[in-house]
Amino acid sequence: MSLGPSQVREIAHLARLTIDGNDIPAYAENLSRILDFVDQLGSAATEGTAPLAHPLEMPQRLRADAVDEEDQRELFQSIAPATQDGLYLVPKVIE
Amino acid sequence: MNWEAVIGLEVHIQLATKTKIFSGAATAYGAAPNTQACAIDLGMPGVLPVLNEQAVRMAVKLGLALGATIAPRSVFARKNYFYPDLPKGYQISQYELPVVADGELTIELDADVSKRIGIIRAHLEEDAGKSLHEGFEQVTAIDLNRAGTPLIEVVSAPDMRSAKEAVAYMKKLHSLVRYLEISDGNMQEGSFRCDANISVRPLGEQRLGTRTEVKNVNSFRFVERAINYEIQRQIELLEDGGKVVQETRLFDTSRNETRPMRTKEEANDYRYFPDPDLLPLEIEPALIEEVRKTLPELPDAKRERFMRDYGLDAYDSTVLTASRALADYFEAVAAQCADAKLAGNWVMGELAGALNKAGLDITETPVSSEMLGVLLQRIKDNTLSGKIAKEVFEAMWNGEGGADAVIERRGLKQLTDRSALEAIIEEVIAANPNQTQQYRAGKEKLLGFFVGQVMKATKGQANPQLVNELLQEKLGG
Numbered sequence: 001m002s003l004g005p006s007q008v009r010e011i012a013h014l015a016r017l018t019i020d021g022n023d024i025p026a027y028a029e030n031l032s033r034i035l036d037f038v039d040q041l042g043s044a045a046t047e048g049t050a051p052l053a054h055p056l057e058m059p060q061r062l063r064a065d066a067v068d069e070e071d072q073r074e075l076f077q078s079i080a081p082a083t084q085d086g087l088y089l090v091p092k093v094i095e
Numbered sequence: 001m002n003w004e005a006v007i008g009l010e011v012h013i014q015l016a017t018k019t020k021i022f023s024g025a026a027t028a029y030g031a032a033p034n035t036q037a038c039a040i041d042l043g044m045p046g047v048l049p050v051l052n053e054q055a056v057r058m059a060v061k062l063g064l065a066l067g068a069t070i071a072p073r074s075v076f077a078r079k080n081y082f083y084p085d086l087p088k089g090y091q092i093s094q095y096e097l098p099v100v101a102d103g104e105l106t107i108e109l110d111a112d113v114s115k116r117i118g119i120i121r122a123h124l125e126e127d128a129g130k131s132l133h134e135g136f137e138q139v140t141a142i143d144l145n146r147a148g149t150p151l152i153e154v155v156s157a158p159d160m161r162s163a164k165e166a167v168a169y170m171k172k173l174h175s176l177v178r179y180l181e182i183s184d185g186n187m188q189e190g191s192f193r194c195d196a197n198i199s200v201r202p203l204g205e206q207r208l209g210t211r212t213e214v215k216n217v218n219s220f221r222f223v224e225r226a227i228n229y230e231i232q233r234q235i236e237l238l239e240d241g242g243k244v245v246q247e248t249r250l251f252d253t254s255r256n257e258t259r260p261m262r263t264k265e266e267a268n269d270y271r272y273f274p275d276p277d278l279l280p281l282e283i284e285p286a287l288i289e290e291v292r293k294t295l296p297e298l299p300d301a302k303r304e305r306f307m308r309d310y311g312l313d314a315y316d317s318t319v320l321t322a323s324r325a326l327a328d329y330f331e332a333v334a335a336q337c338a339d340a341k342l343a344g345n346w347v348m349g350e351l352a353g354a355l356n357k358a359g360l361d362i363t364e365t366p367v368s369s370e371m372l373g374v375l376l377q378r379i380k381d382n383t384l385s386g387k388i389a390k391e392v393f394e395a396m397w398n399g400e401g402g403a404d405a406v407i408e409r410r411g412l413k414q415l416t417d418r419s420a421l422e423a424i425i426e427e428v429i430a431a432n433p434n435q436t437q438q439y440r441a442g443k444e445k446l447l448g449f450f451v452g453q454v455m456k457a458t459k460g461q462a463n464p465q466l467v468n469e470l471l472q473e474k475l476g477g
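Chains as they are written, first to last, in the UniProt record's numbering: chain A, 1 to 95; chain B, 1 to 477.
Just so you know, these hints were derived from the structure itself, not from any lab. Treat each hint with caution, since some may be false.
As the list claims (entries may be wrong) - Okay, derived cross-link-like pairs now, DMTMM-like style, lysine to aspartate or glutamate, Cα gap no bigger than 25 Å in a straight line:
1. A/K92 / B/E134
2. B/K357 / B/D381
3. B/K130 / A/D39
4. A/K92 / B/D404
5. A/K92 / B/E137
6. B/K18 / A/D68
7. B/K130 / A/D71
8. B/K18 / A/D71
9. B/K302 / B/D252
Source: prediction; values computed, not measured.
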């Protein structure tokens, strides 16, 4: 499977990564090789095999619905770039 | 050309658990910003989500009430997108294997018209935080208290054909989750939100038209308006030779119209994949049976019973079973006064009117079911006329105590003493010789005049049947 420059740009955008235009051919080649490598799985016989959602053969454990987390806002916000009145501040989001 | 609208709804319902779906942080509404967002909700490195058992039970409960299949095995997936109120950069949801599938909900449209709406699936997921735009310059403020709150998203089949049907479906689902006590259904607080998928096609056409999705409508009235606007917009567009563009739109409540969201559709490349932090959810038949035992009488069954046992008509039964609290209230009143029809009339009349005027819910009524029951007993035993009973109701509403106390204090007991009434009637007849003569000459319409005079003389406390009977007797003679 071969990725073109526009697909590389779109993947970068979805991942919110800034990439240098000069690097696009190299990314395209490397990503294509990764996809080719994974594509080998397509040759495995999977008929009659249920999809595996998780490599561990165990069901999810459940927790009781009881509050066991205390308010640690101050600690968490001590590493935030900007806060005001307990709120995190981020660059304006327009919708 | 005649057009047909096709509508499917996705309803997000906040589950009434004490804690988040994957963490032990509290979910109480209205807490100070970010005081209920723990390291897991914030997506701090190294944390692991652990699923809340209560959220699973609530999903099973809803699934059973919808007559759906409960998946013995379901899987959580990551839905990836970037938004500041989604700290992890993905929402944990369910994609290929949801916990509930293939159910149905019956809606009542008119007195005797009902319609079955298919439920494709319902899945568990976490809510995002809240972005605050107003009151901030150049920045957006983020409160992550809501991040990680459990939601169940119920996806209907495209079975609705009008805004009216969509609203009926939404109301029915709202009533159901409150019956089941799995959500408070508070729409102002965002506990019950709706996205509507809308398309139109020429009547008779089988293929679906291109749809648009109207996001986040959180009141029954707005859903109706948004859908009607969108249907009209699409029809006009097509009739003018245009094409409907598949897109997400927002409903502007101040202008009563929908408009496209500015974010581009590319953002909808969610790249779902199974969440490696969570193992598959397995639900044992024993758990399903345990939950089944906790199911209350559901709205449809209750409605049928009200029609059968109380002799109420379909409309009254639908109104009285709209919420479990209202139905319980009605049943308590009916039991106390032993007259279901009278109880129904008062609950839907005086009580509903007073609640509506005061903006109160049935659970906040100052007149308890017992108080109303006693009042109606006093109508039944002829202590009060229906008219005076309304005065007593108002006094009870204003906190003047129970019916008997109000009747005693205000001296409202109905006059049923035959001889006392006879004396008053004789006085009235003596004071109105002209009318008496006319009545006796055949102008029987004047009976109403005499009844009015007697009521005036007794300050409305005379028993109306007795007054009628005695008047006819005396005037006839």
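Structure-based check of each hint:
1. A/K92 / B/E134: holds, 11 Å
2. B/K357 / B/D381: Cα-Cα ~30 Å, so violated.
3. B/K130 / A/D39: It is violated: about 41 Å lies between the C-alpha atoms, which goes past 25 Å.
4. A/K92 / B/D404: With a Cα-Cα distance of about 63 Å, the restraint between A/K92 and B/D404 is violated, given a limit of 25 Å.
5. A/K92 / B/E137: holds, 8 Å
6. B/K18 / A/D68: Roughly 11 Å between the alpha carbons, so the hint for B/K18 and A/D68 holds.
7. B/K130 / A/D71: Distance ~18 Å between B/K130 and A/D71 Cα, so the pair holds.
8. B/K18 / A/D71: holds, 15 Å
9. B/K302 / B/D252: violated, 38 Å
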